[in-house]
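For this one, chain E is given, so just place chain C on it according to the hints.
Residue numbers (our numbering), protein chains in the order written: chain E, 770 to 920; chain C, 28 to 495.
Hints should not be assumed to be uniformly reliable.
[As the list claims (entries may be wrong)] With a cut-off of at most 20 Å between alpha-carbon atoms, the simulated SDA-like pairs for lysine to any residue come out as follows:
id: 1; chain 1: C; residue 1: Lys167; chain 2: C; residue 2: Arg62
id: 2; chain 1: C; residue 1: Lys293; chain 2: C; residue 2: Val383
id: 3; chain 1: C; residue 1: Lys440; chain 2: E; residue 2: Gln804
id: 4; chain 1: E; residue 1: Lys872; chain 2: E; residue 2: Glu839
id: 5; chain 1: C; residue 1: Lys440; chain 2: E; residue 2: Ile793
id: 6; chain 1: C; residue 1: Lys440; chain 2: E; residue 2: Phe806
Derived by calculation from the structure, the hints in this document are not laboratory data.
These are the residues of each chain, in order.
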Amino acid sequence: MSAYCGRVVIGVIGDDIHIVGNRIMQLALEESGFQVFNLRARNRPEEFCQAALEVNADAVFVSSLNGEGEHWCADIRSLFREAGLEHVLLYVGGNIVVGERPKDEVVKRFKQFGFDRVYHLEPDIGVAIADLQEDLKHGVAQRTGCTPEYR
Amino acid sequence: MALPSAQAALPSIDKYRSQVLSHPLARGISPDEVRDHLASVPRERYPSVAYAGHGPGPCIQPRGGFPLFEDQYQLTRQLDGAGADFIPLTIDSYTRQNQYETATKLLHRSEEEEKNYLNGYPLISHGYELTRQLYCGLKKPVSLRHGTPDARLLAEVAMASGIAEIEGGAICYCLPYSEGFPLDRSLLYWQYVDRVCAVNSTEDLPIHRESFGPLTATLVPPALVIAVEIIEALLAAEQGVQSFAVSFGQTGSIIQDVATAAVLRKLARWYLDDLGFGAVQTYLVYHQWMGQFPMERERASALISGSAIVSSMIEADKVVVKTVDEALGLPRAEMNAEACDTVQYVLRTFRAAGTVTSPMIEREATLIESETKSILNAVFDMSGTAFWESVCRAFRLGYLDIPFAPHADNSNKLLSVRDGNGSIRIAVAGNVPISAQDAYLERELLKSRDDRTDKTYRQILTDIRVMV
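Bound conformation, chain E alone (with noise of 0.2 Å):
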């Protein structure tokens, strides 16, 4: 195994190409010591989840910034399931719904589409970095998943 403390799939979701954040994204998470591999933009649902498996990720971060989040996330946590892949941290960042919407909302819309941690309109990367390392403390499997069927 690699010195890297954890493998983390990234990737713009959409017909998106705001791409600065992306390449931050991917020197934040390197730089605390993860092995990245970057989608970059205009990525479908599906091609987070064949990148996952294929890399054997612990984590997957889901970004967008045009709002075309909403539409684009609600069955990504299906599809992991049915690859197989319900063990990997499922994060969505960015400005990821259309509209100023309260942000208790938005966390809650996509925590029932199955995702981990939710951070909408969050100016740092480097809190869900911090959330990332806690949630691979214990191990991927021991996590306690947000949606009832992964209690």
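Relative to the frame of chain E, chain C by itself:
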């Protein structure tokens, strides 16, 4: 080794053009009729004439493109009246991506609902006959601004409309704008655009080409900007283009702006002369801050004024201006007119004081020049038979590497941050072939940074938001 050469000019362009012009949206453009029309427009519509006739200080070019003909007509008159020296025609993003049907559909919807569903002027949907009427009586050059990797039809329609300045290039309009458009195809399609510009030119009145130096406008080290600009000038010269502007975006450091301008001007001339293109006229264009703009209008206005002074200091031939509403979305016509007035006022009030220099500027210029030459030499030294192929491979190998370009062929190994005086430094060169000595100097200069012990990604976030 494949040096740029006039031998690379596309053969049998007439046949190729007839294929491109067979597109129904070309609406029967005839190359002969276009040449006649270009000969009939006022001489002042040609950038070479406008540059020659302009007094001291840079020419001013605002921005702007609206979907409806009437709005674009009003904008053109407003900008003309407000003292713009060049009139922009900014194209909508569907047309840029060759999605002409969608652009036409959204144009009709915009006309019906009197609401803008496009972020620019859909030139191909409007067609050349109508667009000629936009510019009846206008005695200033019109600049086509877009972002199109395949601009063959667009450039044809623009020239048929009497537009004598075509912005863009195979690299600058592909790498920063597209994720997947193949770079080799972009290079070949831009050969077509350059060649048609050349065949539509006369000795007196050349169709002018301009490259887009800001690229991603996100921490791009000057040596890479200059290398790309010179490569695009050489690619255009290969096809017979006689009038070309290189450009760059405000770096965020006056030292680096002055040094970049000096090296860009000097090396563009030197390489063109050295490779047998001495007859090509070159100009220098400066883009006001292309990064994230402050939300507060007072600050935005200060930034616009400050960079207008820099454009004067570096003796740019043209400055492309921003508006105080930059951070808020697409600016209204009035804002663009107001920006022309502000910049004109600053340029009149703070005239150039001749060539500015200092030991810090000298040191910066020496470093940038050395790095640029290393990069260009590596591109020239590649094996192969065509210069454009070397350029394509240089990206795949990461010899040319543009920070934050979304394109799949960009290697993303280079890492850049600002030093203590705001200059962009190469922290990690990746595969960009600068000398060990230059790489060392870059890292040494980084030591002037206060927060250098902080995480790199935090430093980059700070640097991107430097003007906010």
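Quick rundown of the hints versus the structure:
Under the criterion of a C-alpha separation no larger than 20 Å, the hint pairing lysine 167 of chain C with arginine 62 of chain C is consistent with the structure, at around 19 Å. A hinted pair counts as satisfied when its Cα atoms are at most 20 Å apart, and lysine 293 of chain C with valine 383 of chain C qualifies at roughly 15 Å. Between lysine 440 of chain C and glutamine 804 of chain E, the direct Cα distance comes to roughly 15 Å. Compliance with the 20 Å bound is thereby established for this hinted pair. Between lysine 872 of chain E and glutamate 839 of chain E the CA atoms are separated by roughly 13 Å; this keeps the pair inside 20 Å, and the hint holds.
Among the hinted pairs, lysine 440 of chain C with isoleucine 793 of chain E is consistent with the structure: their alpha-carbon atoms are about 13 Å apart, no more than 20 Å. For the suggested pair lysine 440 of chain C and phenylalanine 806 of chain E, the alpha carbons sit about 14 Å apart, so the restraint of at most 20 Å is met.
In summary, this structure violates none of the numbered hints.
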